[in-house]
Every structure is written in C-alpha cells, then in structure tokens.
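Enquirer: Residues per chain are reported as follows:
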Amino acid sequence: MSKAQSAWNGVSFDGYCRVEEQSLVGMITVRGDLASKKLAKAVKDATGAKMPGQGEILSSDKGRAAWMSPDELLLIVDHAEAPGIIDAMAAALADEHALVVNVSDARAVFHVKGKAAREVVAKLSPADVSVMAPGMLRRTRIAQVPAAFHMVDEETAELVCFRSVGQYAYDLLKDAALPGGEVWV
Amino acid sequence: MLVLECPYCGVMADESDLHGGGEAHLKRFGPGSSDDDFETYLFMRKNPKGVHFERWRHVSGCGKWFHAARNTMTLEVYGTYSAQTYEPPQDIIDAVKAKHPEWEGYK
Numbered sequence: 000m001s002k003a004q005s006a007w008n009g010v011s012f013d014g015y016c017r018v019e020e021q022s023l024v025g026m027i028t029v030r031g032d033l034a035s036k037k038l039a040k041a042v043k044d045a046t047g048a049k050m051p052g053q054g055e056i057l058s059s060d061k062g063r064a065a066w067m068s069p070d071e072l073l074l075i076v077d078h079a080e081a082p083g084i085i086d087a088m089a090a091a092l093a094d095e096h097a098l099v100v101n102v103s104d105a106r107a108v109f110h111v112k113g114k115a116a117r118e119v120v121a122k123l124s125p126a127d128v129s130v131m132a133p134g135m136l137r138r139t140r141i142a143q144v145p146a147a148f149h150m151v152d153e154e155t156a157e158l159v160c161f162r163s164v165g166q167y168a169y170d171l172l173k174d175a176a177l178p179g180g181e182v183w184v
Numbered sequence: 000m001l002v003l004e005c006p007y008c009g010v011m012a013d014e015s016d017l018h019g020g021g022e023a024h025l026k027r028f029g030p031g032s033s034d035d036d037f038e039t040y041l042f043m044r045k046n047p048k049g050v051h052f053e054r055w056r057h058v059s060g061c062g063k064w065f066h067a068a069r070n071t072m073t074l075e076v077y078g079t080y081s082a083q084t085y086e087p088p089q090d091i092i093d094a095v096k097a098k099h100p101e102w103e104g105y106k
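Chains as they are written, first to last, in numbering that gives the first Met the number 0: chain F, 0 to 184; chain A, 0 to 106.
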C-alpha cells in the first residue's frame, strides 16, 4: 500500500497569525438517526465523546465528535486508527439505518494560531466568528468553498475543508494572515 | 443582506451561505395530469410585491432544505420553518398577519 499523504504534508506559514496544515488527521463521517442509543454508544466507543447536540463539537482524549447536520456527525480520530474504528462502528450499527465512511484522505485540516485567529477566519467567512466559543462548530464557507471551523481554544481556530480545494484554502488563509493585513477588531 | 435562521442548525445564515429554491408549497402535477396543470406546475410562479414563501437550502452548512417567509419589498423575514410540511405553520401565519392584517393568505 502506498504511503498516506495529506494535502500539504504539514506545511505552515507565519504571518500575523500562524497557519498550519495538520498533516494526517483521521476523519469519519457518520450518518444516521442521532437520537439512536446504539449510535450514541458507537460514537462514545469510537471517540470517547458523548453525542454532540446541535452545533456542538465534543472532545475527549481519544477523539472528537462534531454535529454536522440533523443526521450527520464528523468524528475526528487518529489517522491510523480510523479504519479499525470504522469496522467496529459498522459492526455495532449493522442493524441500524446508518452509514460510516472514512473521509480522512478526502479532507484537509488547517489550524490558524494567534491572538487574531478569529479575525483571520472572519475575513474569509460570512459566519459571526465573534460568538464562536470553544465547543461550537460552524459549517459555512471561506471565500468560494465550503468549510467547517471551530475554536480549539481562544487563540486556535481549526478549519476542515475538502482536500480538492486544499491549495485554495491554504492560499486564502495565508493571504488573510499576511503581515500588514491586521484589522485588530 | 438577507440573513435567515436555519431551522436545522439554529445559526443565522447569511444569504451567501444559502441557495434559493424559488416558491414554496407548490403542488406537483406529474405524469397523467392535464397539460394545463402540468404547465402551471412547471412554469407559473408567483412574483408578489410583499409577503412571499420561499424554499432555501443551507448549502454550505447542513445542506438541508427549509422554508422561509419574507417580504420581497421590505426584506423583512417573518420566520423560517422545516421543509417537512405542506403549508406554513400557524406561528408563521400569525407573524405575517400581525404585520399585515389585510394579508389574504399564502395561496
């Protein structure tokens, strides 16, 4: 099997905020009935996190579970462990109307770090970034492409977008974080 | 800028996060219907100056379709509601009637 490569292999850029591509991140899309106890248990076993409510992202030491839509979750786990987790979840949900798919290599993940991390995201997205507290996830767009983001902490924003637009997203974030572009809102 | 609350995500989504789907609450006339009904279903759309019911899709968010009641003249939004309905819910109708007592209904 060929060696797994992320969209940008962990490249980074230092502007007035630091932009980092996160290299290999395990990501699993789950669709199904989010009210199902079986699904909640499978999510707990996979990530250690509880079933997230509307617009939430919940973390544990093992991974994170994010609410993407009324019937969709994104689980963020270790890249190498993702296939095993998917097998276990698919087995646990065999008699449910549910879908578990590995999207690790179909996505790109970026961190924006620095005091003005919110500002860099706000330049690119129509979302109200100022109300985003850690633990909230927002699916929106950055410039022309869809992206989801959440605040890992007050000074770190994590963005997830499709890998096919990974270059565009990285170029956008670099441009928004360019020294001299400070707004300091 | 038009801002609608997605009834599924609960977020205030900007117009550019959304995709418009045209008039809401259409009755479909498919195979077996009369030519007149089919033509009306396919092509004839309301274009009111005032209260209008529309379909919108939260395209860069959850991807779900929902309904919105808004005013095409003032851009006032009376409310948004789930797509799983054949007609506007009572609270939306009440909100419109509170502003426009003379309003004749969505049909």
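Hints were generated in silico from the structure; no laboratory data involved.
Only a predicted model underlies this, so the values are computations on that prediction, with no experimental measurement involved.
All C-beta atoms, glycine included, are put in the ideal place defined by N, C-alpha and C.
Hints should not be assumed to be uniformly reliable.
To be verified - Cut-off 27 angstroms, straight-line C-alpha distance, at most; resulting in silico cross-link-like pairs (BS3-like, lysine-lysine):
1) Lys43/F x Lys106/A
2) Lys106/A x Lys63/A
3) Lys37/F x Lys63/A
To be verified - Not everything, but these chain F residues come out facing chain A in the computed CB check (under 10 angstroms):
4) Ala3
5) Gly9
6) Gln53
7) Met67
8) Glu71
9) Asp77
10) Asp127
11) Ser129
12) Pro133
13) Arg137
14) Arg138
15) Arg140
16) Val144
Claimed, not checked - Far from chain F, some chain A residues (derived; all Cβ distances over 10 angstroms):
17) Gly9
18) Asp13
19) Ser15
20) Lys26
21) Arg27
22) Gly29
23) Ser33
24) Asp34
25) Asp35
26) Asn46
27) Ser59
28) Lys63
29) Thr71
30) Tyr80
31) Ile92
32) Ala97
Enquirer: If a hint holds in the structure, say so; if it does not, say that too.
Expert: These are the hints, each one checked on the structure:
1. The suggested pairing of Lys43/F with Lys106/A is violated, with an alpha-carbon distance near 48 angstroms, which exceeds 27 angstroms.
2. Note on Lys106/A and Lys63/A: the hinted pairing holds, with a Cα-Cα distance of about 24 angstroms set against a maximum of 27 angstroms.
3. A hinted pair counts as satisfied when its Cα atoms are at most 27 angstroms apart, and Lys37/F with Lys63/A qualifies at roughly 24 angstroms.
4. Interface hint at Ala3/F: violated, since its Cβ lies 28 angstroms from the closest Cβ of chain A, which is beyond the 10 angstroms cut-off.
5. The interface hint given for Gly9/F is broken, as the beta carbon of that residue sits about 26 angstroms from the closest beta carbon of chain A, more than 10 angstroms.
6. The criterion of a C-beta within 10 angstroms of any C-beta in chain A is met by Gln53/F, whose closest approach is roughly 5 angstroms, and the hint holds.
7. Given hint, Met67/F at the interface with chain A, holds; its Cβ is 7 angstroms from that chain's nearest Cβ, closer than 10 angstroms.
8. Hint status for Glu71/F relative to chain A: holds, with the closest Cβ pair at about 8 angstroms, below 10 angstroms.
9. A hinted interface residue such as Asp77/F counts as satisfied when its beta carbon comes closer than 10 angstroms to some beta carbon of chain A; here the least separation is about 27 angstroms, so the hint is violated.
10. Nearest Cβ of chain A to the Cβ of Asp127/F: about 7 angstroms, under the 10 angstroms cut. The hint holds.
11. Because the closest C-beta pair between Ser129/F and chain A is about 13 angstroms apart, greater than 10 angstroms, the hint is violated.
12. Hint status for Pro133/F relative to chain A: violated, with the closest Cβ pair at about 17 angstroms, above 10 angstroms.
13. A least Cβ separation of about 6 angstroms between Arg137/F and chain A falls short of the 10 angstroms threshold, and the interface hint therefore holds.
14. Hint status for Arg138/F: holds, given a least beta-carbon distance of 4 angstroms to chain A, under 10 angstroms.
15. Checking Arg140/F against chain A by beta carbon gives a least distance of about 4 angstroms; that is within 10 angstroms, so the hint holds.
16. Interface restraint check for Val144/F: the shortest CB-CB distance to chain A comes to about 8 angstroms, inside 10 angstroms, so the restraint holds.
17. Look at Gly9/A: its CB is around 5 angstroms from the nearest CB on chain F, not clear of 10 angstroms, so calling it non-interface is violated.
18. A Cβ of chain F approaches the Cβ of Asp13/A within 10 angstroms, the least distance being about 4 angstroms, so the stated non-interface status is violated.
19. For Ser15/A, the condition that its CB be more than 10 angstroms from all CB atoms of chain F is violated, with the nearest at approximately 5 angstroms.
20. Against chain F, the non-interface label of Lys26/A holds: every CB pair exceeds 10 angstroms, the least being about 26 angstroms.
21. Every C-beta of chain F lies more than 10 angstroms from that of Arg27/A, the closest at about 24 angstroms, which supports listing it as non-interface.
22. Under the 10 angstroms C-beta cut-off, the non-interface status given to Gly29/A relative to chain F holds; the minimum distance is some 27 angstroms.
23. Distance to chain F confirms Ser33/A as a non-interface residue, since its nearest Cβ pair spans about 38 angstroms, more than 10 angstroms.
24. With a minimum CB-CB distance of about 39 angstroms to chain F, Asp34/A clears the 10 angstroms threshold, and the non-interface call stands.
25. Residue placement check: Asp35/A keeps its beta carbon more than 10 angstroms from all beta carbons of chain F (closest about 38 angstroms).
26. For Asn46/A, the condition that its CB be more than 10 angstroms from all CB atoms of chain F holds, with the nearest at approximately 27 angstroms.
27. For Ser59/A, the shortest C-beta to C-beta distance to chain F comes to about 4 angstroms, within the 10 angstroms cut-off, and the non-interface label is violated.
28. Residue placement check: Lys63/A does not keep its beta carbon more than 10 angstroms from all beta carbons of chain F (closest about 6 angstroms).
29. At roughly 22 angstroms from the closest C-beta of chain F, the C-beta of Thr71/A stays outside 10 angstroms, upholding its exclusion from the interface.
30. For Tyr80/A, the condition that its CB be more than 10 angstroms from all CB atoms of chain F holds, with the nearest at approximately 14 angstroms.
31. Non-interface status of Ile92/A relative to chain F is upheld: no Cβ of that chain comes within 10 angstroms, the nearest being about 24 angstroms off.
32. The beta carbon of Ala97/A sits about 27 angstroms from the closest Cβ of chain F, which is more than 10 angstroms, so the claim that it is off the interface holds.
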